[in-house]
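Asker: Given the coordinates of chain R, work out where chain Y should sit on it, guided by the hints.
There are 2 protein chains.
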Amino acid sequence: MAQRPHVVIVGAGFGGLAATRALRQVNVDVTIVDRNNYHLFQPLLYQVASGLLDPSAIASPVRTIVRRNRNVNVLRAEVTGVDLAKRRVTTSVETLEYDYLVIASGSVTDYFGSEDARQRSTGLKDLSEALSLRSRLLGCFERATLTTDADARRRLLTFAVVGAGPTGVEYSGALGELIKHVLPKDYRSIDFADVSVVLIEAGDRILASFAPRLSRLAAHTLEQKGVRIVLRKSVRSIDDNGIVLDGGERIETHTVVWTAGVRAATPLDMDRDALGRSGRVKVTPSLTIADHPEVFVIGDAAAFEQAGAVIPMLAPVAIQGGKYVGAVIAARLKGESSPAFRYHDKGTMATVGRGAAVAQIGPIHINGLIGWFIWIFVHLLYLVGFRNRALALWSWAWNYVFWDRPVRLIITPSGDR
Amino acid sequence: MAQRPHVVIVGAGFGGLAATRALRQVNVDVTIVDRNNYHLFQPLLYQVASGLLDPSAIASPVRTIVRRNRNVNVLRAEVTGVDLAKRRVTTSVETLEYDYLVIASGSVTDYFGSEDARQRSTGLKDLSEALSLRSRLLGCFERATLTTDADARRRLLTFAVVGAGPTGVEYSGALGELIKHVLPKDYRSIDFADVSVVLIEAGDRILASFAPRLSRLAAHTLEQKGVRIVLRKSVRSIDDNGIVLDGGERIETHTVVWTAGVRAATPLDMDRDALGRSGRVKVTPSLTIADHPEVFVIGDAAAFEQAGAVIPMLAPVAIQGGKYVGAVIAARLKGESSPAFRYHDKGTMATVGRGAAVAQIGPIHINGLIGWFIWIFVHLLYLVGFRNRALALWSWAWNYVFWDRPVRLIITPSGDR
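Chains as they are written, first to last, in the working numbering: chain R, 294 to 710; chain Y, 294 to 710.
Calculated from the structure, these hints are not laboratory results. There's no promise every hint is true.
The list treats identical chains as one, so a pair stands whether inside a single copy or across any two.
As the list claims (entries may be wrong) - Distance condition first, Cα-Cα at most 25 Å in a straight line; then the derived SDA-like pairs of lysine to any residue:
hint	residue 1	residue 2
1	K418	I604
2	K418	R429
3	K418	I703
4	K616	D479
Model, not experiment: these values are computed from the prediction.
Only chain R is shown next, with the shape it has when bound in the complex:
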């Protein structure tokens, strides 16, 4: 069998899948490696954690997604290292030799070195975290129905979200709605004046990547949903019964959701000065690493500078990077050169709940119901696979009409409460 160039893609997120697709007609063999057997639509993960969507509405098997790409092999494995000199990727199950390597390994929750935060809070980056948050949240309500101690009850019914980027804002908005519109019908013995959601942000406004006016509008919407916003305070410590903020304020709670930061996760063993902010790997204008034109880094994992700034960690960045890398590899096989990568900003958006989102598309700032409809449209467009799209739309319609969040199941394999 004639050896075709072997492209190894690490990660089946937005970037890895886009690269795989871009290589579909190219004369290479592709191996895409991911620790999970599914692609996760991360932007909607908070809706699993708040009981709106089933896991399968935002996750599709990688094998099914790439089914029509005949040159692709899928490997479910943990990538443990990269030997740049020998052009080898080691994984938990086998070692892969590559001609081209695409690192699209995304990012993980950044606890900024705090063991407290790592052990006593839950991130919102993967399905098991989302499911365990959903169970924890509902478990707190169950336990609250049993206690006669008013302080203990309030502590159980206080939910702290640390970090007011899009994930923190979207999740606290979803929690606000769950608490205001859905749970009162199920927990009639609970006084909902005892229930609260606190969103804590170290910066001086929420959604700092948006225009100040949109931040203000989003904050206003969240407050209407009953979310308390605490600005200019970082978390000093977390214990089993609560958190202490800078300045000494203590918030009694059993549930801390950590969305304060993410950092790149790559299997590359790089020098410190080869890494940019958040551990992202500095890349050349062609998205490769220095001295290794055969090694590409894209998406959250890459620190790519454009117009004097590093481009953000967003799905469109990863998708555009994946497409670009596919085209570069195709060109190189033909002996052609490629122009430098260029990110086209399609805008950013965040939803703050039912019928309210903020969107920023170049100079255009949109909020409220129109923003929300744009948000829904764009997210459906991106959701992988028709079934997911239809299911997610169905759930949204249901939720919108009936103010419901139907997936309120506490499923804990270990019997953990």
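Answerer: Using the frame of chain R, we list chain Y on its own:
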């Protein structure tokens, strides 16, 4: 507050929910206790285990189901014991005093005392078992893509189902379809001649509770789906790499599903002679236990004799028992007496896969496509809550049109492969 009689219902299955509903307009306080926060539609559990349905399609929060019953309190707890003399139920979180007790605690997998079977096979009675079966099954396919050893590959791709009652038959039929129609598209590197499903039954035919002709038809349909049926063989031993049957035949496999039997699970501490077959509690014609007219046992947990036979463990039995008990309690509060319980057999059915089911309604025996449509109709009718009904119907339609089983996600919180 005037003390109303307190009815404690143990279990939120078909029986417990039916009793709760029957007591809706009765002047009592009801506490329904279940270890889970959801009611599980067990007859469709095998469809979660085979990747057709999401958990939330067959599970609904108990609180949501009983939302309109103002006299009901829901307690999520493990029932640990019953003190019949003091009329108390002890649970993992608090002790409940009762005036009437309804034991609707259902059944658990019966391994007939085999530690081998308990440790090395998976039952199919709750959501976590169904999810872990789904993950194990797909995990075996993933591992099979990696091995070059032909024996190891065949062992990974052999799935044994022990016990050919409705659950075993329905699950092996679903596995047959998954393997024949869905997985070949995802696992192109696997030779599907290596994949097999073996259904093992100690009796001399499958679906022994049905007429012999329907058993034969079901067996024929299963065999068409590629399921190998082994009759008149019980399992002698199970080890990590396979099972040994009576007579010495060894089947190499990593996946053993145990649907060979169930036994009643009750918190009552009863003498051996107060228990019937499968540990079911012998009950009076009023579904109460001897000397305790205030303690009812219904559904799988009860051994109720009618026409010389103990009535079977089926959802309609539990539902009719629950309704009856509600009526008896209402009558007693008015000082009236009630007639004895009488089970009305509405028929039984089992599906053997896409477009094929057997149904037995009194003297009428139905099979094939018509049986399947009846099966769908009846199951939708019983599914709790409109949303579940619509979602399940959607999944069925999808599956029927596209031969798909869309929920093929491997989600294991522990990272277990």
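Asker: Take the hints in turn and mark each one as holding or not.
Answerer: Here's how the hints hold up against the structure:
{"no.": "1", "hint": "K418 x I604", "result": "within (20 Å within a copy, 50 Å between copies)"}
{"no.": "2", "hint": "K418 x R429", "result": "both (16 Å within a copy, 24 Å between copies)"}
{"no.": "3", "hint": "K418 x I703", "result": "both (19 Å within a copy, 17 Å between copies)"}
{"no.": "4", "hint": "K616 x D479", "result": "between (47 Å within a copy, 23 Å between copies)"}
Hint compliance for this structure: every hint is met.
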